[in-house]
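Asker: Below are the chains, spelled out letter by letter.
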Amino acid sequence: MQMFPLEAKGARVRRRGKVLVGPVDLTLGGQGTSIIIGPNGAGKTTLLKMLHGIVRMNGGSLRWGCALEEAQKHQAFVFQTPVMLRRSVIDNIAYPLRLTGSSRRQARSRAADWAGRVGLGEILERQATMLSGGERQKLALARALVREPQVLFLDEPCAALDGRATREIEEILAHAAGSGTRLIMSTHNMGQARRLADEVIFVLQGRIHEFSPAAEFFAGPKTAQARAFLNGDIVE
Amino acid sequence: MSDLWAGLSQAFWLLVTLDADLVEITLRSLRVTLTALVIACAIALPLAAFLAVRRFRARRATIAVLNALMGLPPVVVGLIVYVFLSRAGPFGVFGLLFTPTAMIIAQVIIVVPLVASIAHQSLRELWSDYHDLLISMNATQMQRIKALLWDGRRALLTAALAGFGRAIGEVGAIMVVGGNIDHATRVLTTAIALETGKGEFAMALGLGFVLIALAIAVNLAIHWLGRTESEGRW
Numbered sequence: 001m002q003m004f005p006l007e008a009k010g011a012r013v014r015r016r017g018k019v020l021v022g023p024v025d026l027t028l029g030g031q032g033t034s035i036i037i038g039p040n041g042a043g044k045t046t047l048l049k050m051l052h053g054i055v056r057m058n059g060g061s062l063r064w065g066c067a068l069e070e071a072q073k074h075q076a077f078v079f080q081t082p083v084m085l086r087r088s089v090i091d092n093i094a095y096p097l098r099l100t101g102s103s104r105r106q107a108r109s110r111a112a113d114w115a116g117r118v119g120l121g122e123i124l125e126r127q128a129t130m131l132s133g134g135e136r137q138k139l140a141l142a143r144a145l146v147r148e149p150q151v152l153f154l155d156e157p158c159a160a161l162d163g164r165a166t167r168e169i170e171e172i173l174a175h176a177a178g179s180g181t182r183l184i185m186s187t188h189n190m191g192q193a194r195r196l197a198d199e200v201i202f203v204l205q206g207r208i209h210e211f212s213p214a215a216e217f218f219a220g221p222k223t224a225q226a227r228a229f230l231n232g233d234i235v236e
Numbered sequence: 001m002s003d004l005w006a007g008l009s010q011a012f013w014l015l016v017t018l019d020a021d022l023v024e025i026t027l028r029s030l031r032v033t034l035t036a037l038v039i040a041c042a043i044a045l046p047l048a049a050f051l052a053v054r055r056f057r058a059r060r061a062t063i064a065v066l067n068a069l070m071g072l073p074p075v076v077v078g079l080i081v082y083v084f085l086s087r088a089g090p091f092g093v094f095g096l097l098f099t100p101t102a103m104i105i106a107q108v109i110i111v112v113p114l115v116a117s118i119a120h121q122s123l124r125e126l127w128s129d130y131h132d133l134l135i136s137m138n139a140t141q142m143q144r145i146k147a148l149l150w151d152g153r154r155a156l157l158t159a160a161l162a163g164f165g166r167a168i169g170e171v172g173a174i175m176v177v178g179g180n181i182d183h184a185t186r187v188l189t190t191a192i193a194l195e196t197g198k199g200e201f202a203m204a205l206g207l208g209f210v211l212i213a214l215a216i217a218v219n220l221a222i223h224w225l226g227r228t229e230s231e232g233r234w
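One line per chain: the protein sequences are A and B, in this order. FYI, the numbering for the first sequence is 1 to 236, going by the working numbering. FYI, the numbering for the second sequence is 1 to 234, going by the working numbering.
Be a bit skeptical, because a hint or two may be false.
Pairwise CB distance ranges (calculated) [unchecked claim]:
no., chain 1, residue 1, chain 2, residue 2, range
1, A, A228, B, A68, 53 to 61 angstroms
2, B, V75, A, E69, 23 to 31 angstroms
3, A, S103, B, I181, 22 to 30 angstroms
Partial selection, computed: residues in chain B whose CB lies under 7 angstroms from chain A [claimed, not checked]:
no., residue
4, D21
5, N138
6, A139
7, Q141
8, M142
9, L149
10, T158
11, V171
Please keep in mind that the hints were generated in silico from the structure rather than gathered at the bench. Each residue gets a CB set at the ideal place from its N, CA and C atoms; glycine is no exception.
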């Protein structure tokens, strides 16, 4: 199934009279990792959620390379603050499979496999809400990846993690990207953006200010705002 | 004060000797209340989850009405059920008036709004946590409701226990529709009312203590079964 290109034309999200995102014109291909960067409140999270389809648009269009229903089945989202279902680790990871009709045994078996891959294999039966921040994020990743999505959206997945946990998460992401999962991710961590990005989307005041290959962007941003942002200046 | 001691000793004596009447009344109280509670939960819990998950035009009004119905006067409920079940009423043909079934119907009507309102409060908070995740996972409406009911089961237990408390202590409605008939519809609360009316305060207090003990025992049993307070669980 050909999900890409993903095309947004004049897409916008407005809430209570305020434009949060848009108008956005963007075309994403099926390869690599796109990193969304920008200051706080720029609209990164809303843009991600809009592309994923969990935030209602107030104008414009968003088209996948296939039917929307099909596209929705092959996406997953990892939230900045991982939502833990009030279940065990293994049941959390198995849940997306149960939704698609897998038997409990089958789902738990695959979930156990994924838990092992992200380093949660020893705590399968622990309640998810008892996990540390890093473990929660790994669980959220395993739960997102267990259905082997073609596109994975990630909203600052390492925002509250220390260096070691960040490295572990990045390894999982690199492995997923290597297996063909298209990653679209927001981050505040410029080091992480440099390590993971194939292309960079710089967002400011709800609009895409710059969209270019990562090497090009980090070597010399085209806009003054992006240059200022990379230099660590305050950009509003 | 002497009545209180007499009541306590009466209660102790009734329990120790396993008084036949007491056992019969107690079992009937439990049967009526637990049956009503199960039926009420079967209606109220999915309703609460539905109201948490689904957005529709009359949602706010429905929640407001449900909350208002928590304070429904039991005697009025009993009266309405009486009218419906009496021989001249629309369901008179079933001959349910002055039977435990009529008492169950009245209790269900009283308990449903209470359980649904308390459950809705808990599930609404849970839904605000789960909202984005479940939508992101393409969970259907039914799957969302199931997830809320399963993951919120500890909180729902509290709602059910509140319903049990209301039902087991209910006297007005079941007196009207049950008639307090000996060996047929007499339960602990109506028996207490009867004994008080007769001036048998010791017996009434004895039955009261048994009722309190029963309510506490059922609460503890449900908590124990649900392992509500166990470490690391919900």
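Asker: Would you mind marking each hint as holding or not holding in the structure?
Answerer: Each hint tested on the structure:
1. The given range of 53 to 61 angstroms is respected by A228 of chain A and A68 of chain B, whose C-beta atoms sit roughly 57 angstroms from each other.
2. Take V75 of chain B and E69 of chain A: their Cβ atoms lie about 54 angstroms apart, and the range 23 to 31 angstroms is violated.
3. Checked against the hint of 22 to 30 angstroms, the pair S103 of chain A and I181 of chain B fails, with Cβ atoms roughly 52 angstroms apart.
4. Below 7 angstroms, beta-carbon pairs count as interface contacts, and D21 of chain B has none with chain A, the closest being about 45 angstroms; its hint is therefore violated.
5. For N138 of chain B, the suggested interface contact is upheld, since its CB lies about 5 angstroms from the closest CB of chain A, less than 7 angstroms.
6. With its C-beta approaching chain A no nearer than about 6 angstroms, A139 of chain B sits inside the 7 angstroms limit, and its interface hint holds.
7. Annotation: interface hint on Q141 of chain B violated; nearest CB of chain A at approximately 12 angstroms, more than 7 angstroms.
8. Annotation: M142 of chain B was flagged as interfacial toward chain A, and the flag is violated, the nearest CB pair being 11 angstroms apart, outside 7 angstroms.
9. The beta carbon of L149 of chain B is not positioned within 7 angstroms of any beta carbon in chain A (closest approach about 12 angstroms), and the interface hint is therefore violated.
10. Annotation: interface hint on T158 of chain B violated; nearest CB of chain A at approximately 15 angstroms, more than 7 angstroms.
11. Interface restraint check for V171 of chain B: the shortest CB-CB distance to chain A comes to about 38 angstroms, outside 7 angstroms, so the restraint is violated.
Consistency note: the structure conflicts with the earlier hints numbered 2, 3, 4, 7, 8, 9, 10, 11.
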